[in-house]
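Asks: Here is how the chains run, residue by residue.
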Amino acid sequence: MIAIPGLGWLFRIFTRDELMEESFWILRLVSSMAAAGGVVQVLVAGFTPPALAYLGLAAILLGVSFIRLYWVRFGAMAGWTAVVAFDLATRRNPFGCFFLAIGLYFIYKMLKYSQMYEGRTVMK
Amino acid sequence: MRTLPRTAAALFLFLLAAAPARADWIDVKGEGAMNGDIVEETADTVKFKDGEGRVHEYRRDQINFMEKEKKKPKASASPMSLFSGKKETAGAAPAAGAAADKFAIRSFLPEDSPLKPAEEALAAGGKTFRDYLYYDADFVEYLQRSARSLEKISKDKTFKPSNLGLALAGLVLLLAGMVFLVIYGFKLMMSMFEAGFLWGVVFLCNAGSAYLSRMLGGPFGLFFSVVPQALSFAFVILHWPVARRAVTMQLYSLAVFFAGWNLLAMSM
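Chains P and X, in that order, give the protein sequences. For the first sequence, the numbering used here begins at 1 and goes up steadily by one. For the second sequence, the numbering used here begins at 1001 and goes up steadily by one.
No wet-lab data here; the hints were simulated from the structure. Mixed in with the good hints, there may be bad ones.
Estimated spans, in silico, between C-beta atoms of each pair [claimed, not checked]: (1) X/Ala1234 with P/Glu18: 21 to 27 Å; (2) X/Arg1214 with P/Leu111: 47 to 53 Å; (3) P/Pro94 with X/Arg1214: 24 to 30 Å; (4) X/Arg1054 with P/Thr90: 45 to 51 Å; (5) X/Val1140 with P/Phe98: 18 to 24 Å; (6) P/Phe95 with X/Gly1221: 24 to 30 Å; (7) P/Ile102 with X/Val1055: 55 to 61 Å; (8) X/Glu1057 with P/Ile102: 57 to 63 Å; (9) P/Leu111 with X/Val1227: 19 to 25 Å.
Note that CB positions come from ideal geometry on N, CA and C, so glycine has one too.
Assemble the whole structure, with the sequences as input and the hints as a guide.
Replies: In C-alpha cells:
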C-alpha cells in the first residue's frame, strides 16, 4: 500500500475494542459539535425547537457513547446518520455531506466487523 | 450584557440581509458607475434607467463597463425536482444573453478532445449538486435567505428580571470554558509537535497568519490565512487518533463557554 498517512487507518477492519474506541470518539465528536451548535443557537435565537433538538441530540449521543454494546453503538451510528441524511435532504445544509460520509463509513465498518465476528468472510 | 449578543446578531443579520439587491450596472465615462435598469440596447446606443427613474441614453463609446443582472429560474420547493430533468446542464452552451454560471468548471480541454464528454458530465454533475444544496440560488442568496429566517426567529424575545446567582454561574462557566479552550488548544499543539516538527509549525502559523494576512491583504492575505487552517484540519483528519481528545474537548469547552454566555444573558 502507498504510505499516505491515515490511509491505512481508513481501509483497515477494526477489532472489537478498536471499533468501540473509534465509535466512542466519533459519537463524542458529533455530540460536542451538536452541543456547541445548540448553545450558540440558544444565544442567537433563544430556546427554539432547532436549538433544543441540537442539545437533545448532543445529550443522547454523549450518553450512548459510554455504552459499550455493539448493537447500541450500531443503532446510534445508523440513527444519527439517518438524521443527517434527512437534514441534508430537507434543509440542504452543506456541512451534512461531511457528517454523512463519516456516518456511512462507520456503518460500513460495523457491518464489516459483524461479518468478521460471525466468520462469514475471511479478513486479513 | 443582555442586549450585547442580540445587537451583535442583529447587526450581522442586517449586514447579510441588507446587501444591495442586484440590478444592472453601467459605468459611464465622466459619470461613474450606476445601478439601475438597462431598458433598451441598440447597435450603438444604450438606454439606461437610473435608481430615480430618469432614463439616459449613452453611446457605446461612452460606456466603460456594463453588466446585466443574472435572471434565475424560480427556486423549486421540492427536493424531488432534482429528478424531474427540467434543469439546464452546465455542459450545454449558455443561450445568447444569458449570464454564464459563475462557479462552472472552466474548460481546459481542446474542442476535439476525447475527454470532452467526461468534462461536460463533471460540470453538469457539479452544477446539479450546487443547485440541490443551495435551492437553485447562488451561495450569497442562500446565506441571505438563512439570515432572514434567523432574523424572523430572533424577533420575539422577552426580558427576564435580574438574577445575581444566575449571573455568577454564567461568569464561572464563561471563565471555565475559556480556560479549557486554551488548555486543549495547547494540548492540540503538543500533539501536532509530537506528530512532527512541521505540523507544530503549521499550528503556530495559525497565529502568525492572523497578523500576516491583515498586513498583506487581498488574495495573498486570504491565501496565507486559509493555508494553515486547512493544514490543521488535514492534521485532525490524518492523525485523528492523536488529535481526537483535544479536538472534542475544545468543542465541549466552546459549548461550556457559550452556555455561560447564555446564563449571563438570561440573568439580565
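Asks: Indicate, hint by hint, whether the structure satisfies it.
Replies: Tested hints:
| no. | hint | verdict |
| --- | --- | --- |
| 1 | X/Ala1234 with P/Glu18: 21 to 27 Å | holds, 23 Å |
| 2 | X/Arg1214 with P/Leu111: 47 to 53 Å | holds, 49 Å |
| 3 | P/Pro94 with X/Arg1214: 24 to 30 Å | holds, 28 Å |
| 4 | X/Arg1054 with P/Thr90: 45 to 51 Å | holds, 46 Å |
| 5 | X/Val1140 with P/Phe98: 18 to 24 Å | holds, 22 Å |
| 6 | P/Phe95 with X/Gly1221: 24 to 30 Å | holds, 25 Å |
| 7 | P/Ile102 with X/Val1055: 55 to 61 Å | holds, 57 Å |
| 8 | X/Glu1057 with P/Ile102: 57 to 63 Å | holds, 59 Å |
| 9 | P/Leu111 with X/Val1227: 19 to 25 Å | violated, 38 Å |
Hint 9 alone, counting from the list given before, is not met by this structure.
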